[in-house]
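Chains H and S are the protein sequences, given in the same order.
Letter by letter, the first sequence follows residues 1 to 637 in our numbering.
Letter by letter, the second sequence follows residues 1 to 637 in our numbering.
Calculated from the structure, these hints are not laboratory results.
These numbers come from a predicted model, not from an experiment.
Any given hint could turn out to be false.
All copies of an identical chain are treated as equivalent in the list; a pair is satisfied when it fits inside any one copy or across any two copies.
[As the list claims (entries may be wrong)] Derived lysine-lysine pairs resembling DSBU-like cross-links, with alpha carbons at most 30 Å apart: (1) K530 with K490; (2) K564 with K221; (3) K517 with K467; (4) K306 with K467; (5) K332 with K543; (6) K457 with K332; (7) K332 with K577.
Protein chains: 2
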Amino acid sequence: MSQDKTKEVATPALGRRKFLNTAAIASLGTLVACNEKPGSAAASASSASAAGHAASSASHLKPGELDTYYGLWSGGHTGDMRVLGLPSGREIHRIPCFVPDALVGWGVTNESKKIMGTKADGSLKYTVADSHHTHASYKDGNYDGRYAWINDKINSRIARIRLDYFVCDKITQLPNVQGFHGIFPDKRDPVDEKINYTTRVFCGGEFAIPMPNTGSEDSSKYRSMFSCVDAETMEVRWQVLIDGNCDLVATSYDGKLAATNQYNTEMGAHYEDMMSAERDACLFYNVARIEAAVKAGKFKTIGDSKVPVVDGTREANKDPKTALTAYVSVPKNPHGVNASPDGKYFICAGKLSPTGTVIDLSKVLDWFDGKSEKLDAAIVAEVELGLGPLHTAFDGRGNAYTTLFLDSQVVKWNVEAAIKFHAGDKNAKYVVDRLDVQYQPGHLNASQSETKAADGKYLAVGCKFSKDRFLPVGPLHPENEQMIDISGDKMVLMADHPVRGEPHDFIIFKRDLVRPKQVYDLNDFPNAIKDPKESGVVRNGKKVTVKMTSQAPAFSLREFTVKKGDEVTLILTNLDKIEDLTHGFAIPNHNVNFIVNPQETASVTFIAGNPGVYWCYCTHFCHALHLEMRTRMIVEA
Amino acid sequence: MSQDKTKEVATPALGRRKFLNTAAIASLGTLVACNEKPGSAAASASSASAAGHAASSASHLKPGELDTYYGLWSGGHTGDMRVLGLPSGREIHRIPCFVPDALVGWGVTNESKKIMGTKADGSLKYTVADSHHTHASYKDGNYDGRYAWINDKINSRIARIRLDYFVCDKITQLPNVQGFHGIFPDKRDPVDEKINYTTRVFCGGEFAIPMPNTGSEDSSKYRSMFSCVDAETMEVRWQVLIDGNCDLVATSYDGKLAATNQYNTEMGAHYEDMMSAERDACLFYNVARIEAAVKAGKFKTIGDSKVPVVDGTREANKDPKTALTAYVSVPKNPHGVNASPDGKYFICAGKLSPTGTVIDLSKVLDWFDGKSEKLDAAIVAEVELGLGPLHTAFDGRGNAYTTLFLDSQVVKWNVEAAIKFHAGDKNAKYVVDRLDVQYQPGHLNASQSETKAADGKYLAVGCKFSKDRFLPVGPLHPENEQMIDISGDKMVLMADHPVRGEPHDFIIFKRDLVRPKQVYDLNDFPNAIKDPKESGVVRNGKKVTVKMTSQAPAFSLREFTVKKGDEVTLILTNLDKIEDLTHGFAIPNHNVNFIVNPQETASVTFIAGNPGVYWCYCTHFCHALHLEMRTRMIVEA
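Required output: the full structure, derived from the provided sequences and hints.
Structure representation (structure tokens):
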């Protein structure tokens with residue numbers, strides 16, 4: 001059944017590219033002209049296959065059937081994290097992080113405001129964000145279900161998500177960083193064998209700025225910053241001053257190396273300058289050496305920040321014996337760097353070059369160890385994949401899957417065959433399959449792809465343009481997340497899912513790797529009202545504390561009285577213990593609404609308004625008498 | 001295939017109810033005891049049917065296939081409107097209304113702040129909301145694709161959505177209303193035959209308050225308010241002072257009647273008082289008479305509001321010859337009032353009574369016209385349906401579908417058979433089918449159900465609890481929207497969809513009833529920068545205007561300079577004309593991010609921060625050189 005449809009979509013290559021050119025590559029004419037599609041990539045798209053119908057059905061769960069994988073998705077400029085079930089692609093949850101969320105009262109409750117950060121007047125420091133990448137904590141090369149992290153590019157913040165309750169518990173703003181882009185936790189310690197789990201999170205700084213950022217000097221003197229955040233304390237441990245603009249971050253399975261793919265090593269301020277050089281870099285960080293340098297006091301600090309900064313610029317790291325960083329050369333404005341699940345390679349995609357570059361990590365370590373003279377000897381393959389290669393995922397069977405933004409395709413290619421081809425074996429057929437996607441894919445990821453347990457079952461692709469794939473809803477189109485079955489030789493498109501812009505990266509892992517709790521522990525909240533009898537109003541001058549509990553269908557206080565202008569702090573504990581029995585609490589005209597999940601405590605602080613009666617009501621459907629679940633706030637003159 | 005699964009779910013009635021009781025009806029024991037399930041409703045649940053597999057497949061579109069229906073969904077306390085495609089249940093769009101939205105910059109741009117409403121200091125008046133009900137404008141008894149409206153219960157606001165661009169264009173706050181709940185547009189004018197389309201929107205006020213709300217007097221003297229808003233100007237035309245708490249609103253196809261289902265006609269302040277009486281009311285409004293009274297000056301105004309208020313209390317409307325309102329008696333705390341597509345009946349569900357009440361509109365008009373002595377003679381059926389009946393939808397073939405909150409079922413029943421049964425024909429079998437849903441359903445609606453063109457194809461049910469239906473994601477469960485095929489005799493469950501709490505009401509209509517535009521008209525924006533040459537910085541003392549355009553992959557200004565403390569207004573016009581080519585604009589550390597769709601203009605005003613370089617960048621993926629699409633804001637001391 002799905003064959004018919006995909007045949008319609010897979011128009012001949014030339015016509016298709018002409019169509020695509022009208023949108024995403026407008027005014028990129030010269031670039032396209034000088035990057036003609038390589039011969040090796042000319043195999044026709046093979047989206048239709050005999051397995052089509054079966055694969056399509058696989059993503060369509062029957063009512064009540066549970067998904068087998070979780071997906072953690074960056075929310076883009078909604079500033080949150082999305083939790084999906086896969087293969088259905090259903091969004092089960094959104095976790096507010098950087099941006100207020102009116103459903104849960106994130107940015108409304110005192111507890112969430114403390115995590116988000118406030119200005120002197122108590123209002124939120126930021127209400128916008130741009131989250132791109134999310135990755136989770138590791139143990140022994142697989143996810144351990146403790147934490148996930150996510151970035152905010154606009155305001156250079158990193159948020160941590162607790163994967164027991166699926167909530168954000170800490171946010172750190174990085175000093176001396178603008179455009180915090182890529183993010184990746186380490187997988188083990190580079191020195192201590194016993195630490196076989198994540199203790200650091202690496203953060204790539206994209207925009208180059210004056211250091212410190214107080215003037216507007218010559219842009220060629222601007223630099224970017226690579227940061228290491230402590231996974232537990234969420235404090236910034238150290239930073240590295242670098243050349244070029246970080247896009248993504250990857251970490252090695254042995255804990256020794258992190259890398260960022262760097263574009264604009266030209267240090268240009270205008271886009272044509274940023275793409276003037278033919279090659280940029282995959283920039284490697286020698287984690288143990290950097291930490292030794294910091295320990296030895298070989299750092300400076302910048303501006304008001306106390307964070308140690310070591311010098312990782314190209315100029316300062318020419319000697320391999322002492323180098324903290326290594327700039328492996330990769331073609332033109334690379335986009336994406338991904339670690340293969342066998343632990344051997346990092347792969348950079350060319351973006352403005354039609355190539356994928358395979359870097360052998362053992363050879364990078366050889367260079368640091370003085371065993372290899374030429375750093376670029378670590379490049380074991382650089383092969384043509386198609387136009388606009390961006391990101392790469394893996395199936396654990398030796399194949400890589402790379403998005404081709406300009407070609408609107410996913411290309412499946414074999415890494416060892418690519419290495420053979422690069423070594424001179426022109427008979428090595430490294431391109432295994434191509435699949436048209438709809439349209440202009442950015443990130444992609446496969447089930448368990450970023451772990452040693454990559455299982456090559458499902459591939460999700462985030463397509464930036466949906467164009468004609470969904471009913472029209474005005475000028476703002478959804479993006480199109482497509483699910484692909486990669487269990488066979490041929491990729492098979494399973495389903496289209498519309499998604500609010502603009503999610504970027506995501507990870508997909510087996511459902512048994514997390515063990516969420518569904519009811520809170522009353523004792524986790526120091527301000528919990530453990531007994532309805534503790535309810536009441538306590539006045540201390542103009543400051544008033546209102547203590548209340550909820551048990552369907554009533555709040556413990558039937559009414560409470562405050563005075564106009566009082567600073568009221570209302571503490572609400574939900575004493576209902578039954579899973580899924582959440583209550584809400586709204587106060588008309590006082591800009592208050594928040595929820596309390598079973599056994600949760602939350603508080604809000606507000607100034608009582610004009611005299612009158614205000615019906616505070618339960619906003620989260622709880623009970624047959626939900627509409628009747630209210631309390632009256634009486635404000636006296 | 002779906003048979004096996006539904007069999008598992010449909011456990012015997014008693015065991016199932018025991019299970020359900022643990023959650024939503026905790027502490028409602030006595031209520032359940034006094035409302036034992038009626039004999040007529042004892043037919044076993046029939047979720048499994050031979051049509052099961054086919055129906056299930058129908059909701060599973062193949063990649064690239066378009067939905068055939070739109071759904072407009074209230075967003076609940078996310079304060080927005082959701083746009084779904086059906087039968088797939090995919091969310092294609094969210095339209096920000098009452099609450100800021102970091103994706104589009106709603107609440108960030110000057111244009112959206114003007115619609116939302118600001119305080120004297122320019123900050124938003126409200127950032128929380130609770131939207132429940134959404135309905136669209138009519139012509140000749142079907143949707144005409146002009147507008148939809150949606151309520152905010154917390155702050156008594158009504159928002160209008162333009163269905164050409166799928167954006168909110170006006171918000172009005174209702175005076176003297178707390179807990180604005182139900183909402184419904186009229187379907188034609190009650191007097192002027194030529195006006196066969198929507199010109200009024202009726203708004204039900206739920207919470208009773210002192211009028212004016214300045215004190216805390218005896219709660220038995222509190223009253224609620226029913227409001228009429230002009231569909232074009234969005235000004236409040238008139239209000240009616242009433243007894244009881246409005247839940248939903250319905251309007252007749254002839255334009256003559258509106259109605260609200262009223263609970264708490266006891267005017268109690270505590271939940272046990274609110275359910276003390278055995279019967280409440282379906283409250284009818286005689287629209288022509290109310291407008292004649294307003295025209296004749298028979299009104300007062302309340303507090304600061306200039307809106308004419310007529311007296312619609314029970315006491316003041318005993319004489320049918322002059323009555324503006326009519327309180328038809330319905331059982332205990334009714335929930336939901338729905339107009340049948342044949343134009344004949346309004347149906348109220350009993351909530352705390354296991355009944356549905358069918359009211360014959362012609363007989364209500366007879367009472368107003370002095371042709372009927374007893375108002376309650378308009379009740380042509382009052383039949384037992386099951387426990388916790390809430391809302392009713394229709395298939396256009398004479399059948400009604402009512403959610404049973406406590407029974408976690410949808411009951412399908414035949415309206416004319418119910419009328420016969422009520423008239424004494426005890427052989428009339430009015431219950432046609434029952435289907436278990438998962439779990440505790442609130443609103444439901446069927447395709448085209450609220451129009452004369454009800455087509456009985458799909459039924460969506462908003463289940464308030466999802467419990468075990470999706471992968472666990474911590475204490476806050478999603479709700480479960482279920483799609484049901486109602487085209488045959490038996491209802492067939494098609495699919496489960498998780499949804500972020502807490503949507504309430506929704507409408508479903510054929511896709512050809514709206515004609516969205518996908519590119520804006522440059523001329524619709526008075527401040528549009530129509531030519532990149534108009535770009536630049538204009539200073540007027542401390543006020544600075546920055547004019548800029550976007551065309552992938554560049555902004556028209558490469559950099560711009562302002563001074564610390566300047567009040568900067570930045571105007572950005574997206575000159576890209578290609579559908580789906582949206583750009584974003586973020587300024588680090590200045591809390592600015594917003595999008596401009598093709599040919600759209602938006603502006604932001606902010607205070608320039610500390611001296612330094614700020615890379616403003618495109619946040620909405622647009623082009624292969626998207627990362628390079630930036631401009632530098634240089635802030636001087």
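Hint by hint, here is what the structure shows:
1. For a Cα distance limit of 30 Å, the shortest separation of K530 from K490 qualifies neither inside one copy, at 58 Å, nor across copies, at 48 Å.
2. In this assembly of identical chains, the alpha carbons of K564 and K221 lie at most 30 Å apart only when taken from different copies (23 Å versus 56 Å within one copy).
3. Taking the shortest Cα distances, K517 and K467 sit within 30 Å of each other only across copies (13 Å), while inside one copy they are farther apart (40 Å).
4. Proximity of K306 and K467 under a CA criterion of 30 Å is satisfied in neither setting, with 48 Å inside one chain copy and 48 Å between copies.
5. Taking the shortest alpha-carbon separations for K332 and K543, neither the intra-copy value of 61 Å nor the inter-copy value of 41 Å comes in at or below 30 Å.
6. Proximity of K457 to K332 under the C-alpha cut-off of 30 Å is found in neither arrangement, the shortest distances being 32 Å within a copy and 54 Å between copies.
7. Within a single copy, K332 and K577 get their C-alpha atoms only as close as 57 Å, which misses the 30 Å cut-off; across copies the closest is 29 Å, which meets it.
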